[in-house]
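First to last, the sequence lines map onto chains E and A. Just so you know, the first sequence maps onto residues 1 to 524 in the working numbering. Just so you know, the second sequence maps onto residues 1 to 481 in the working numbering.
Because the hints were derived from the structure by calculation, they are not lab data. Quantities reported herein were computed from a predicted structural model and do not represent experimental measurements. Any given hint could turn out to be false.
[As the list claims (entries may be wrong)] Here are a few chain E residues that face chain A, going by a calculated C-beta distance under 7 Å:
#: 1; residue: T48
#: 2; residue: V49
#: 3; residue: R110
#: 4; residue: A114
#: 5; residue: H118
#: 6; residue: L130
#: 7; residue: A153
#: 8; residue: S157
#: 9; residue: S191
#: 10; residue: R203
#: 11; residue: E205
#: 12; residue: L295
#: 13; residue: E362
[Unchecked claim] Pairwise CB distance ranges (calculated):
#: 14; chain 1: E; residue 1: E365; chain 2: A; residue 2: L79; range: 32 to 38 Å
#: 15; chain 1: E; residue 1: K249; chain 2: A; residue 2: D7; range: 21 to 27 Å
#: 16; chain 1: A; residue 1: F70; chain 2: E; residue 2: D236; range: 43 to 49 Å
#: 17; chain 1: A; residue 1: G52; chain 2: E; residue 2: E244; range: 45 to 51 Å
#: 18; chain 1: A; residue 1: Q471; chain 2: E; residue 2: A169; range: 47 to 53 Å
[Said to hold, decoys possible] Straight-line Cα separation of at most 35 Å, DSBU-like style, residue types lysine-lysine; simulated pairs:
#: 19; chain 1: A; residue 1: K279; chain 2: E; residue 2: K369
#: 20; chain 1: E; residue 1: K369; chain 2: A; residue 2: K319
#: 21; chain 1: A; residue 1: K279; chain 2: E; residue 2: K58
#: 22; chain 1: A; residue 1: K141; chain 2: A; residue 2: K410
#: 23; chain 1: E; residue 1: K55; chain 2: A; residue 2: K410
#: 24; chain 1: A; residue 1: K400; chain 2: E; residue 2: K161
#: 25; chain 1: A; residue 1: K16; chain 2: A; residue 2: K207
#: 26; chain 1: A; residue 1: K365; chain 2: A; residue 2: K141
Cβ atoms here follow ideal geometry from the backbone N, Cα and C, with glycine treated the same way.
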Amino acid sequence: MRRFAADRAKRLLFRSLFSSAATPSAPFSSSPAAAAAAAIDSAARSVTVDTINPKVLKCEYVVRGEIVSHAQRLQLELQTKPGCHPFEEILYCNIGNPQSLGQQPVTFFREVLALCDHPSLLDQSETHALFSADAVERAWKILDAIPGRATGAYSHSQGIKGLRDAIAAGIAERDGFPANPDDIFLTDGASPAVHTMMQLLIRSEKDGILCPIPQYPLYSASIALHGGSLVPYYLDESTGWGLEISELKKQLEDARSKGITVRALVVINPGNPTGQVLAEENQKDIVDFCKNEGLVLLADEVYQENIYVEDKKFNSFKKIARSMGYDDAHLSLVSFQSVSKGYYGECGKRGGYMEVTGFNAEVREQIYKVASVNLCSNISGQILASLVMNPPKVGDESYESFDAEKSGILSSLARRAKALEDAFNSLEGVTCNKAEGAMYLFPRLHLPSKAIEAAKAVDAVPDAFYARRLLDATGIVVVPGSGFGQVPGTWHIRCTILPQEDKIPDIISRLGAFHESFMEEFCD
Amino acid sequence: MSPKPLDYESLNENVKKVAYAVRGELYLRASELQKEGKKIIFTNVGNPHALGQKPLTFPRQVVALCQAPFLLDDPNVGLLFPADVIARAKHYLSLTSGGLGAYSDSRGLPGIRKEIAEFIERRDGYPSDPELIYLTDGASKGVMQILNTIIRNEKDGILVPVPQYPLYSAAISLYGGSLVPYYLDEEANWGLDINHTRQSVAEARLKGITVRAMVIINPGNPTGQCLSEANLREVLKFCYQENLVLLADEVYQQNIYQDERPFISARKILADIGLPISKEVQLVSFHTVSKGYWGECGQRGGYFEMTNLPAKSVDEIYKVASVSLSPNVPGQIFLGLMVNPPKPGDISYLKFVAESKAILESLRKRAHIMTDGFNSCRNVVCNFTEGAMYSFPQIRLPPKAIETAQRAGKAPDVFYCLKLLEATGISTVPGSGFGQKEGVFHLRTTILPSEEDMPSIMSSFKKFNDEFMEQYEDYRGYSRM
Numbered sequence: 001m002r003r004f005a006a007d008r009a010k011r012l013l014f015r016s017l018f019s020s021a022a023t024p025s026a027p028f029s030s031s032p033a034a035a036a037a038a039a040i041d042s043a044a045r046s047v048t049v050d051t052i053n054p055k056v057l058k059c060e061y062v063v064r065g066e067i068v069s070h071a072q073r074l075q076l077e078l079q080t081k082p083g084c085h086p087f088e089e090i091l092y093c094n095i096g097n098p099q100s101l102g103q104q105p106v107t108f109f110r111e112v113l114a115l116c117d118h119p120s121l122l123d124q125s126e127t128h129a130l131f132s133a134d135a136v137e138r139a140w141k142i143l144d145a146i147p148g149r150a151t152g153a154y155s156h157s158q159g160i161k162g163l164r165d166a167i168a169a170g171i172a173e174r175d176g177f178p179a180n181p182d183d184i185f186l187t188d189g190a191s192p193a194v195h196t197m198m199q200l201l202i203r204s205e206k207d208g209i210l211c212p213i214p215q216y217p218l219y220s221a222s223i224a225l226h227g228g229s230l231v232p233y234y235l236d237e238s239t240g241w242g243l244e245i246s247e248l249k250k251q252l253e254d255a256r257s258k259g260i261t262v263r264a265l266v267v268i269n270p271g272n273p274t275g276q277v278l279a280e281e282n283q284k285d286i287v288d289f290c291k292n293e294g295l296v297l298l299a300d301e302v303y304q305e306n307i308y309v310e311d312k313k314f315n316s317f318k319k320i321a322r323s324m325g326y327d328d329a330h331l332s333l334v335s336f337q338s339v340s341k342g343y344y345g346e347c348g349k350r351g352g353y354m355e356v357t358g359f360n361a362e363v364r365e366q367i368y369k370v371a372s373v374n375l376c377s378n379i380s381g382q383i384l385a386s387l388v389m390n391p392p393k394v395g396d397e398s399y400e401s402f403d404a405e406k407s408g409i410l411s412s413l414a415r416r417a418k419a420l421e422d423a424f425n426s427l428e429g430v431t432c433n434k435a436e437g438a439m440y441l442f443p444r445l446h447l448p449s450k451a452i453e454a455a456k457a458v459d460a461v462p463d464a465f466y467a468r469r470l471l472d473a474t475g476i477v478v479v480p481g482s483g484f485g486q487v488p489g490t491w492h493i494r495c496t497i498l499p500q501e502d503k504i505p506d507i508i509s510r511l512g513a514f515h516e517s518f519m520e521e522f523c524d
Numbered sequence: 001m002s003p004k005p006l007d008y009e010s011l012n013e014n015v016k017k018v019a020y021a022v023r024g025e026l027y028l029r030a031s032e033l034q035k036e037g038k039k040i041i042f043t044n045v046g047n048p049h050a051l052g053q054k055p056l057t058f059p060r061q062v063v064a065l066c067q068a069p070f071l072l073d074d075p076n077v078g079l080l081f082p083a084d085v086i087a088r089a090k091h092y093l094s095l096t097s098g099g100l101g102a103y104s105d106s107r108g109l110p111g112i113r114k115e116i117a118e119f120i121e122r123r124d125g126y127p128s129d130p131e132l133i134y135l136t137d138g139a140s141k142g143v144m145q146i147l148n149t150i151i152r153n154e155k156d157g158i159l160v161p162v163p164q165y166p167l168y169s170a171a172i173s174l175y176g177g178s179l180v181p182y183y184l185d186e187e188a189n190w191g192l193d194i195n196h197t198r199q200s201v202a203e204a205r206l207k208g209i210t211v212r213a214m215v216i217i218n219p220g221n222p223t224g225q226c227l228s229e230a231n232l233r234e235v236l237k238f239c240y241q242e243n244l245v246l247l248a249d250e251v252y253q254q255n256i257y258q259d260e261r262p263f264i265s266a267r268k269i270l271a272d273i274g275l276p277i278s279k280e281v282q283l284v285s286f287h288t289v290s291k292g293y294w295g296e297c298g299q300r301g302g303y304f305e306m307t308n309l310p311a312k313s314v315d316e317i318y319k320v321a322s323v324s325l326s327p328n329v330p331g332q333i334f335l336g337l338m339v340n341p342p343k344p345g346d347i348s349y350l351k352f353v354a355e356s357k358a359i360l361e362s363l364r365k366r367a368h369i370m371t372d373g374f375n376s377c378r379n380v381v382c383n384f385t386e387g388a389m390y391s392f393p394q395i396r397l398p399p400k401a402i403e404t405a406q407r408a409g410k411a412p413d414v415f416y417c418l419k420l421l422e423a424t425g426i427s428t429v430p431g432s433g434f435g436q437k438e439g440v441f442h443l444r445t446t447i448l449p450s451e452e453d454m455p456s457i458m459s460s461f462k463k464f465n466d467e468f469m470e471q472y473e474d475y476r477g478y479s480r481m
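Construct all of the structure, not just a fragment, from the sequences and the given hints.
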């Protein structure tokens, strides 16, 4: 009898959106969907929207926002009623998540990770038949750097020393300037490292952080969550999303005149969502600006391996600063890197680090202390970060296949970036800057006034309105530009370049067809 | 040289207030000594694999195969991995949206959350909703997220047991709230007396604090006590009366070393109590792969389950989770494996059970060895470790020792622990890091050193302690007051 009641309770809990409140056989309040109808939001309860931290309410993150929830609903509908929509599948072009769209992981990296996850494999002779010799060798080397070869143990709170040594060596090789392993803090992806810095820097809403507009909304969300003020600086769409020092100066002075203490400058290079790669001279000016104005430079460099144009290359801000003769005494710099992007695209592993230079010992102690409360980042992600910064070299057994995988992915990304850029530019009323790097296109929509009115009529922001219509017509999910910030009165969408190459022509034609009919519907 | 853009003075004040002794002064000193070549036994953190506990074979095999799915195409894969491992790897890969390298749903993979809900239902006898289960990079991140959601300002108080695991005090400091302590009863084996809690709430309210939540750690850390059913009922009714959300840290639910009080989840008792309380009390329950007999700390796999939180609050928590995109996928798979271990009849079942039993039996033995060992020492009194992974002996420091410590500018238990470290290499955490009654001193050590090492560790401790007590007990000047 009890089991029957439990089953019935289970069915009640998983019922549709508008079921009523809990029945006696289901002791708790029903799932969120059902609870929406019930009168549970009483102010008397401790955790309600009226009594939770207001900073949580203020924080927003469109990349996985409203449009994605709607896409998921459509996807469920497609599964239960195939053919109910004018498309067969949902194409998630909202998020930089390459492996969810078919990109393959780098074989060598996965071999090493598998061996480190289950070190007993190294004691078995059959392993050599299934794993490349240099992967086995690298796994041994990594395990030897881990006390007791215990990959399941909490490590040092900054990350395993031997892995930080390897990362520092990789940074030095990349930049031509030394890196100190004790400056490195390994984190569960780059995002937690950004949160840590915001936590340290922001004392109150009087503390401001200069952020590019458009920006990756982790920054706006994190600043809101920590109670600070976002000080926007506008990138110039007409010059390929150029970063002008005069704009930085203007916004800085503006903020200061309002009583805001500007603490740091965020630069995303290559840019997200904009994709521009900064020129060396530009970077030097930025470094000088931070040095002279007493700002911490927060350099988001997670797309450093995603460059698609011949005439630009990645220079880390650390390299630029050191090449100008600046050391720890001159510039406070935090550089963020991740295993989620590049050609490796290992988003689900949550691996990343920040390299912290130019802070005094007392501050570094505090950074360490905050890191220690969480004990350490996941070991597998730490190992992956060390592999990313130290991939196979010429002469290694796996080098050729590794290099083929890497260049295959990067050249494909470059082709897709170009194909989609051209496609957007071919649409009426759409202009799209080149994606020099990163994983996104950020086309500008010159929407007819009729469309803008139609959006207002349903209480929607025009680019969100367009994105929603695009999704409903084609199954393609993009993120409205308003989620990233844009010059007021301009509208954009962010679309990734990540669907597999064979899907691109279809995307382009569906996009074209949708856009044509949209413009026809709303032509002035 | 111009002042730095970020110096100690201009740091967020809340960050400065944070203390986390588990990796604080003692640990840093121990690391220094280790670099100088001294042999250190790290018993400062619940980190089983670092002290020789081996990972369970089955989950490591499954995750290794998930890391390298191309192995599944190799005809020789069966030479390295048994068939049930291969099947399970395929199962978890099918739950992902592109393998281990893709961001999952920000709440965690739906398939794994479903497995966890099923586990909770089997464990408690009541259904659980996967939509209310969120996976996190370790339980600590979940605790921090929930506390950040609750705390608005310094007037918001969180009831925390004393002694407590200092993640709670650290997080409350970081988010600018107030810690409202309720003392556990050392004389009653660290029992929870609801009257103390009531008193703490009353005192806090007199100071203008709005008490928002109550934390229970069951089994306790550092104290190890396992709450009785009656206790849990009292706590839940108390939370109902005082309008508190209950935060139930249940990460040690597999670590039980006595048979009188098995683990019962707060959620089960809440459901048992029935209406109206069962529908009113808000509860968040935490679990992890870091403890138990798994000890997979380095994977950073954890979850929290929400009960009776309104839909809009759940939405806000979801929103903040989405800013960090997703918890790490391998850690999620470890969680799935933990709640869904091999079953009787599976190829890997016998080995899995043998490995698990061996670990739990050994932990139980070590809990006894350590408790008895401490109790045999002069001026040391130690409650039995009923659960979790720690021993929290009381060290009755003679007045002369306390004076010497104060003259050295150290808290007395820090002074004692530093001396212990320098003499024996045993790295513990002073009780002041967890909170204790004024003038009563403790240290926390883990029961994790291997069984073979235990006797020598305990005798090493006894030698140091008894000599220390000899040195600092001065009968000539001893006051009887």
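Evaluation of the provided hints:
{"no.": "1", "hint": "T48", "verdict": "holds (5 Å)"}
{"no.": "2", "hint": "V49", "verdict": "holds (4 Å)"}
{"no.": "3", "hint": "R110", "verdict": "holds (5 Å)"}
{"no.": "4", "hint": "A114", "verdict": "holds (4 Å)"}
{"no.": "5", "hint": "H118", "verdict": "holds (4 Å)"}
{"no.": "6", "hint": "L130", "verdict": "holds (6 Å)"}
{"no.": "7", "hint": "A153", "verdict": "holds (4 Å)"}
{"no.": "8", "hint": "S157", "verdict": "holds (6 Å)"}
{"no.": "9", "hint": "S191", "verdict": "holds (5 Å)"}
{"no.": "10", "hint": "R203", "verdict": "holds (5 Å)"}
{"no.": "11", "hint": "E205", "verdict": "violated (13 Å)"}
{"no.": "12", "hint": "L295", "verdict": "holds (5 Å)"}
{"no.": "13", "hint": "E362", "verdict": "holds (4 Å)"}
{"no.": "14", "hint": "E:E365 - A:L79: 32 to 38 Å", "verdict": "violated (51 Å)"}
{"no.": "15", "hint": "E:K249 - A:D7: 21 to 27 Å", "verdict": "holds (24 Å)"}
{"no.": "16", "hint": "A:F70 - E:D236: 43 to 49 Å", "verdict": "holds (45 Å)"}
{"no.": "17", "hint": "A:G52 - E:E244: 45 to 51 Å", "verdict": "violated (59 Å)"}
{"no.": "18", "hint": "A:Q471 - E:A169: 47 to 53 Å", "verdict": "holds (49 Å)"}
{"no.": "19", "hint": "A:K279 - E:K369", "verdict": "violated (39 Å)"}
{"no.": "20", "hint": "E:K369 - A:K319", "verdict": "holds (27 Å)"}
{"no.": "21", "hint": "A:K279 - E:K58", "verdict": "holds (29 Å)"}
{"no.": "22", "hint": "A:K141 - A:K410", "verdict": "holds (31 Å)"}
{"no.": "23", "hint": "E:K55 - A:K410", "verdict": "violated (38 Å)"}
{"no.": "24", "hint": "A:K400 - E:K161", "verdict": "violated (41 Å)"}
{"no.": "25", "hint": "A:K16 - A:K207", "verdict": "holds (24 Å)"}
{"no.": "26", "hint": "A:K365 - A:K141", "verdict": "holds (32 Å)"}
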